[in-house]
Structures are given as structure tokens and as C-alpha cells.
Amino acid sequence: MITQKHIAGAIGLVVLLLLPVLIKLIFPGTDRYYLHLVIQILIWAFIYTGWSLMGRFGLTSLGHGAFTGIGAYVTVLLWNFAGITPWIGIPVAMVVATIAGVLVGYPCFRLRITGHYFALLTLAFTEFVRLCIVGLRDWTGGSLGTQPARYGDGLSLYAFQFEPNRVLAYYIVLAVWLIGLAIWIKVDRSMDRYALDAASQDEDAAASVGINVTREKLKITALSSAMCAFGGAIYGQYQMYIGPDTIAGLGVSLNIVFAVIAGGIWSLFGPTFGAVFTQVLAETLRVGLRGSETLSKILGQSALALDTFIYGLLLVLFIIYMPKGVVGTLAERWKRKAGS
Amino acid sequence: MMFGFFSSLDCSLDIFFVEALINGVLLAGLLALLALGLNLIFGVIDVVWICYAELVMIGMYAIFYFVQVLGLPLPLAFLLAIGLVACSGALLHYLVIRPVLDQPPINQLLVTGGVLFLLQAAATMAFGIEFRNLGIRLGSVNFGDMSFAWSRIITFAVALGAMIVLWQFLTRTYIGTAIRAISQDRQIMPLMGVDQKKVYLATSAIGGGLAGLAACLMVLQYDIYPQIGLQFGPLTFMICVLGGLGNMVGGFVAAFIIAQFITIGGSCVATEWGYAVAFLFFMLVIFVRPQGLFGAKS
Numbered sequence: 001m002i003t004q005k006h007i008a009g010a011i012g013l014v015v016l017l018l019l020p021v022l023i024k025l026i027f028p029g030t031d032r033y034y035l036h037l038v039i040q041i042l043i044w045a046f047i048y049t050g051w052s053l054m055g056r057f058g059l060t061s062l063g064h065g066a067f068t069g070i071g072a073y074v075t076v077l078l079w080n081f082a083g084i085t086p087w088i089g090i091p092v093a094m095v096v097a098t099i100a101g102v103l104v105g106y107p108c109f110r111l112r113i114t115g116h117y118f119a120l121l122t123l124a125f126t127e128f129v130r131l132c133i134v135g136l137r138d139w140t141g142g143s144l145g146t147q148p149a150r151y152g153d154g155l156s157l158y159a160f161q162f163e164p165n166r167v168l169a170y171y172i173v174l175a176v177w178l179i180g181l182a183i184w185i186k187v188d189r190s191m192d193r194y195a196l197d198a199a200s201q202d203e204d205a206a207a208s209v210g211i212n213v214t215r216e217k218l219k220i221t222a223l224s225s226a227m228c229a230f231g232g233a234i235y236g237q238y239q240m241y242i243g244p245d246t247i248a249g250l251g252v253s254l255n256i257v258f259a260v261i262a263g264g265i266w267s268l269f270g271p272t273f274g275a276v277f278t279q280v281l282a283e284t285l286r287v288g289l290r291g292s293e294t295l296s297k298i299l300g301q302s303a304l305a306l307d308t309f310i311y312g313l314l315l316v317l318f319i320i321y322m323p324k325g326v327v328g329t330l331a332e333r334w335k336r337k338a339g340s
Numbered sequence: 341m342m343f344g345f346f347s348s349l350d351c352s353l354d355i356f357f358v359e360a361l362i363n364g365v366l367l368a369g370l371l372a373l374l375a376l377g378l379n380l381i382f383g384v385i386d387v388v389w390i391c392y393a394e395l396v397m398i399g400m401y402a403i404f405y406f407v408q409v410l411g412l413p414l415p416l417a418f419l420l421a422i423g424l425v426a427c428s429g430a431l432l433h434y435l436v437i438r439p440v441l442d443q444p445p446i447n448q449l450l451v452t453g454g455v456l457f458l459l460q461a462a463a464t465m466a467f468g469i470e471f472r473n474l475g476i477r478l479g480s481v482n483f484g485d486m487s488f489a490w491s492r493i494i495t496f497a498v499a500l501g502a503m504i505v506l507w508q509f510l511t512r513t514y515i516g517t518a519i520r521a522i523s524q525d526r527q528i529m530p531l532m533g534v535d536q537k538k539v540y541l542a543t544s545a546i547g548g549g550l551a552g553l554a555a556c557l558m559v560l561q562y563d564i565y566p567q568i569g570l571q572f573g574p575l576t577f578m579i580c581v582l583g584g585l586g587n588m589v590g591g592f593v594a595a596f597i598i599a600q601f602i603t604i605g606g607s608c609v610a611t612e613w614g615y616a617v618a619f620l621f622f623m624l625v626i627f628v629r630p631q632g633l634f635g636a637k638s
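Chains W and A supply the protein sequences, listed in that same order. To convert, note that position 177 of the first sequence is 177 in this note's numbering; the numbers rise steadily by one, no gaps. To convert, note that position 142 of the second sequence is 482 in this note's numbering; the numbers rise steadily by one, no gaps.
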């Protein structure tokens with residue numbers, strides 16, 4: 001049966017498929033910049049969606065900055081030093097991230113490390129991975145970061161490099177994002193989701209009705225870490241630069257968690273909205289502040305930090321007043337209206 | 341990767357090793373002080389301030405401002421900074437933590453993460469990203485071939501003193517007793533006539549004051565820059581969890597263990613590897629004893 005939802009979805013998909021054309025029509029001349037913005041939003045939306053798979057079940061991991069870092073660095077290092085194509089490198093990176101996720105997750109779930117302890121333990125894991133990246137500076141370039149070696153003109157199927165062609169990059173990233181949404185829906189409709197929901201409410205009760213809590217949690221952790229590693233690898237292939245602070249580390253972890261919470265952790269489009277919100281906010285503030293003469297006169301160079309300032313302020317306000325996120329709160333209000 | 345790591349780990353029990361060992365003890369004093377404030381707040385309010393190290397950074401910048409811009413004498417700047425950070429701590433509790441006390445614990449942790457971004461950005465806007473310092477050189481003492489910076493020795497002594505004073509305060513005064521009582525039973529104490537809100541606010545101010553004190557000690561040794569919190573924050577959480585969150589004595593011991601990893605690892609191999617091994621050790625310990633080294637079994 002075709003419902004309103006299907007029609008809205010189809011219209012949305014058509015708009016997204018035609019987006020490069022639309023952008024070219026609306027912003028002639030600066031279309032490359034706007035397309036770049038959309039591409040970044042989609043990559044991060046995919047990573048955020050990957051995190052939200054775990055986060056929605058009370059597994060607030062601050063370790064996903066490590067998984068994106070593993071994804072990006074393993075792929076790039078295999079390509080730069082062993083000449084292994086990302087077509088093999090990315091799956092390898094995902095396997096490495098999954099193994100790391102399971103190694104950290106298994107003891108946590110067995111010993112029932114939850115809440116604060118889980119968050120702080122995964123935070124330590126993120127720091128560990130970041131320090132390893134910085135420490136192995138002969139290969140990774142240390143804190144300065146590194147670049148995947150350009151293959152020919154930087155446009156190659158073999159090397160999975162597509163940065164010069166923004167439209168192609170857009171379609172690749174769009175496909176990645178759609179896969180992310182499909183995985184989310186698949187998980188949302190699975191039995192595992194009910195099991196995990198139950199486990200997040202009360203582990204003992206869930207275990208007593210025959211749910212293998214540890215296994216369920218490990219499954220979702222493996223999926224989530226593999227997705228984040230994939231997202232990190234795609235980010236590296238598109239940006240053609242990776243650094244320990246841009247794709248790994250505590251900053252990335254916190255950004256992931258916050259964007260999802262701002263967008264809405266329990267909704268399909270919550271993480272995506274979080275990505276749109278944070279990226280657009282950062283960009284408009286950056287461009288707006290650079291363009292405004294009065295503001296740059298008052299603040300000078302430090303105007304660059306104003307976007308982070310407003311970002312931090314908004315996060316605090318969001319958690320205090322909208323703990324369900326923008327999408328979640330709007331959906332609730334809409335439902336209440338429809339109900340009354 | 342690990343091969344190169346182990347082959348370079350060839351330090352014998354020589355003079356440098358002993359020097360690193362003692363420097364580790366001195367560093368432990370500072371880390372223990374940092375962990376103390378966070379542990380106090382967690383023990384009483386049951387909230388982790390992710391932005392704790394950022395409060396320290398605010399204190400460091402305040403001292404820098406008071407001394408370099410306003411030209412105040414150093415001791416007065418220290419006192420003002422401690423007062424300022426204590427007020428920030430109380431304000432943080434009143435404005436940010438109080439409204440989310442009923443929310444899931446993880447939201448309380450994340451809301452202070454928002455404050456982390458806010459404070460870091462505020463510092464960048466006010467002072468820029470350059471490294472700053474007060475240019476204080478206290479010299480060092482020499483024992484044979486070993487030398488120890490005075491700033492580190494003073495830091496250690498003051499940190500130790502602060503812990504003793506706090507302990508006296510918690511055991512000898514009325515409000516101190518109330519704080520300990522609240523940390524033991526959050527539900528019953530309000531019924532016994534303890535004003536929970538007042539105790540929370542006082543605890544936050546004391547926690548902030550300890551961060552301010554740590555700031556005074558850190559300007560003697562470290563450069564000030566907006567990201568300094570990211571260097572010390574994760575370390576502080578790790579020490580608190582390792583010692584058992586809320587357990588102040590445990591935090592003290594954990595600080596000594598972690599500091600040894602950092603200084604000995606740092607002097608044998610490279611600084612990052614000292615830190616990396618410390619984090620790895622931390623994860624392994626938590627896998628064996630989830631409640632921390634000295635935490636009570638729940």
C-alpha cells in the first residue's frame with residue numbers, strides 16, 4: 001500500500017538525486033562549495049547514524065572517534081606503504097575496527113560496565129588510539145596528519161579516489177548515506193532491537209526472559225564500529241587528508257555524541273539532522289563572521305572560535321530543554337497535535 | 341608496530357631512571373589534586389564534570405590576566421583565581437547541572453561536555469591560540485647528577501597540603517560532615533534536615549576551588565593554551581575511575597601509578613607511548629576490576 005510516507009520518501013529521493021543540478025542552478029559559480037558542504041554533511045550523517053545504533057540503547061560510547069580514526073588511517077596507510085587498494089584496505093580497516101570494538105566491548109558487557117564507567121572507559125580507548133597514531137609518526141605523520149598518495153590525476157577507480165569530481169563524490173556519498181539509513185531501519189525492525197531495548201531498561205529482567213545480553217550488545221557494537229570505520233575511510237578518501245584531531249580522538253567522539261543528541265537519538269533522521277545542523281551552523285558562523293567587518297574588528301582572528309562557542313552553548317541548552325533532540329521533540333509535538 | 345616499541349625500551353636502573361621515578365612522584369601530586377576535586381563532586385553529586393580540566397584552564401588564564409594585564413602581585417592573583425574558579429564551579433552547578441539532575445546520568449555527563457566546548461572557545465576568543473606563560477623560573481635543586489625543578493616540588497607539597505586540609509574540613513566542620521553524609525545516602529539525608537541544594541552548591545564551589553588551586557600550581561610548570569584541558573582532562577578521569585569514582589584515597593594512589601607510567605615511559609621511549617601505555621593499563625585494570633582498584637563492590 002502506498003502511504004503518505006512513501007510519497008514523501010520518493011519525493012525526497014528525487015530531490016536528492018537532482019541536488020547537484022539544483023545547486024548549480026541556484027548557486028552558479030559557487031556550486032562546488034555548496035556541494036562540498038552537502039558531501040560533508042552526508043559523510044558525517046552516516047557516521048552519526050552508525051553511532052546512534054549503539055547510543056539509542058544506552059551504550060553511550062565516547063570511543064567512536066577511535067573507530068573513525070582506525071578506518072581512515074588503516075586504509076590510507078595500507079595504500080601509502082603497501083600499495084593495497086582501498087577496495088581491500090577499507091574492508092580490512094572495518095575488520096580491524098570491529099575487532100577493536102569487540103575487544104573493548106566484550107569485557108565491558110560481561111562485567112556490566114555501563115553509564116559513566118562505560119563512557120569514561122571508551123574515552124580512554126579513544127585517547128589510546130589517538131596516542132598510538134601520534135606515536136607512530138614515521139608512518140602516520142604524527143599530529144600533523146598525512147595524505148593518501150594521489151594516484152594519477154586523483155580520479156581513479158582502482159585507488160578509489162574521487163575528490164576532483166565533486167558530482168561523482170556526491171553520488172558515492174549519497175549511496176553510502178542511504179545504506180546507513182537502510183541499516184538503521186533494518187536494525188529498528190529486528191528482534192535484536194527489542195532485545196536491546198529490554199536490556200537497556202533492565203539487564204536482569206532481559207536476561208531472565210532468555211536474552212543473551214552480552215551477545216546482543218556485542219552484535220550492535222560490531223555493526224556500529226564497522227560503520228564508523230567505513231565512514232572514517234570515506235572521509236579520508238574524500239578529504240585527501242587525515243589528521244589525529246580531524247578524524248580521531250576525543251574531539252571527534254564528542255562531536256558525534258553531541259550532533260546525534262541535538263538531532264535526536266531515537267529517530268531515523270535524527271543523526272542526519274544533527275549533521276545538517278552542526279555543519280551548517282559551523283559554516284554560516286564561519287562565513288558570516290569572516291564577512292562581517294564589525295565583528296572581525298571586535299574579535300579579530302579569534303572570531304573563528306565563536307562558532308564553537310555558540311555550538312557549545314546550544315548543546316548545553318539542547319540537553320537541558322530538548323533531551324530528545326530536535327527531530328524527537330518535533331515528532332512528539334506533531335503527534336500530540338494529531339492526537340488531540 | 342609493537343616491535344619498535346619494545347626494542348627501544350632498554351632503560352636500565354640508572355640515574356635517569358631514578359630521576360624519572362622521583363619526577364613521577366612529583367607529577368603524581370598534581371594529578372592527585374586534579375582527581376581530588378572531580379572525585380569530591382562525583383562522590384557527592386553523582387555527576388562527572390567532563391569540563392573539569394577546562395575550569396583549571398580558566399584559572400590559569402585568569403592568573404595570566406591578573407599578572408600580565410592588571411599587574412597584580414602573584415600571590416593576590418592566585419587568591420583571586422582560586423576564588424574565581426570556585427565561583428565558576430558553583431555557577432556551573434547552578435546553571436547547568438541543577439536543571440538536568442533528574443535526567444539520565446549520561447545526559448549530565450554530556451551537558452558538561454557542552455561546557456567544555458564553550459569554555460575552550462571562550463578562552464580562544466579572549467586570548468588566542470598562542471602558548472602563553474608567566475615566565476616564572478624557580479630554578480631547580482640538584483642531588484648529584486639528578487635535578488628536580490622547584491616548581492614541581494612546590495606543586496607536590498601544596499597538593500599534599502590541600503588534601504590534608506580538605507580531609508580536615510570534611511571531618512571537622514558541620515558542612516563537611518553534611519557533605520560526607522550526603523555522599524553516603526542521597527535519599528535519607530534531606531529528611532534529616534540537611535539542605536541538599538546548599539550542600540551541592542558548597543561541594544561544587546569547593547571542587548571549583550581545588551581546580552583553581554591546581555591552576556595556580558600548573559602555571560608554574562606549564563604553558564597556557566586553550567587546549568590544555570584536553571591534555572589533562574582524560575588523564576584525570578582515568579585516575580578517578582582507576583581509584584574508584586568518588587573514592588578520594590583510591591584516586592590518590594591511582595595518581596601515583598599513572599604518573600609513574602607517564603614519566604618512566606616518557607623518559608624511556610617517547611611521551612606519547614608513556615601516555616598510551618597508561619591508558620592501556622587503565623583499560624586492562626578496569627576489565628579485571630570494574631569498580632576500580634579501591635572501589636567497593638556494588
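I should point out that these hints are in silico values taken from the structure, not numbers from a laboratory. Treat each hint with caution, since some may be false.
Claimed, not checked - Reference excerpt, derived from the structure (chain A facing chain W, CB under 8 Å, subset only):
| # | residue |
| --- | --- |
| 1 | V388 |
| 2 | N447 |
| 3 | V455 |
| 4 | L458 |
| 5 | Q527 |
| 6 | I528 |
| 7 | M529 |
| 8 | G533 |
| 9 | Q571 |
| 10 | F572 |
| 11 | P574 |
| 12 | F577 |
| 13 | C608 |
| 14 | E612 |
| 15 | Y615 |
| 16 | M623 |
We treat Cβ as the ideally placed atom computed from N, Cα and C, and that holds for glycine.
Results for each hint:
Given the 8 Å rule on beta carbons, the hint for V388/A holds: about 5 Å separates it from the nearest Cβ of chain W. A distance limit of 8 Å between C-beta atoms decides the matter here; for N447/A the minimum to chain W is near 5 Å, and the interface restraint holds. For V455/A, the suggested interface contact is upheld, since its CB lies about 6 Å from the closest CB of chain W, less than 8 Å. Because the beta carbon of L458/A sits about 3 Å from the nearest beta carbon in chain W, less than 8 Å, this interface hint is met.
Here the hint on Q527/A is broken, as its CB sits about 19 Å from the closest CB of chain W, past 8 Å. Interface hint status for I528/A: violated, as the beta-carbon distance to the closest one in chain W is roughly 23 Å, over 8 Å. Because the beta carbon of M529/A sits about 22 Å from the nearest beta carbon in chain W, more than 8 Å, this interface hint is broken. Hint on G533/A is violated. Least Cβ distance to chain W is approximately 30 Å, over the 8 Å limit.
Taking 8 Å as the C-beta cut-off, the interface hint given for Q571/A is violated, the closest approach to chain W being about 10 Å. Annotation: F572/A was flagged as interfacial toward chain W, and the flag is violated, the nearest CB pair being 12 Å apart, outside 8 Å. For the restraint placing P574/A at the interface with chain W, the shortest Cβ-Cβ distance is roughly 5 Å, inside the 8 Å limit, so the hint holds. Of the supplied interface hints, the one on F577/A holds, with its beta-carbon coming within about 5 Å of a beta-carbon of chain W, less than 8 Å.
Using the Cβ-Cβ criterion of 8 Å, the hint placing C608/A at the interface with chain W is not satisfied: the shortest such distance is roughly 13 Å. Hint on E612/A holds. Least Cβ distance to chain W is approximately 4 Å, under the 8 Å limit. For Y615/A, the suggested interface contact is upheld, since its CB lies about 5 Å from the closest CB of chain W, less than 8 Å. A cut of 8 Å between beta carbons decides the hint on M623/A: the least distance to chain W is about 6 Å, and the hint holds.
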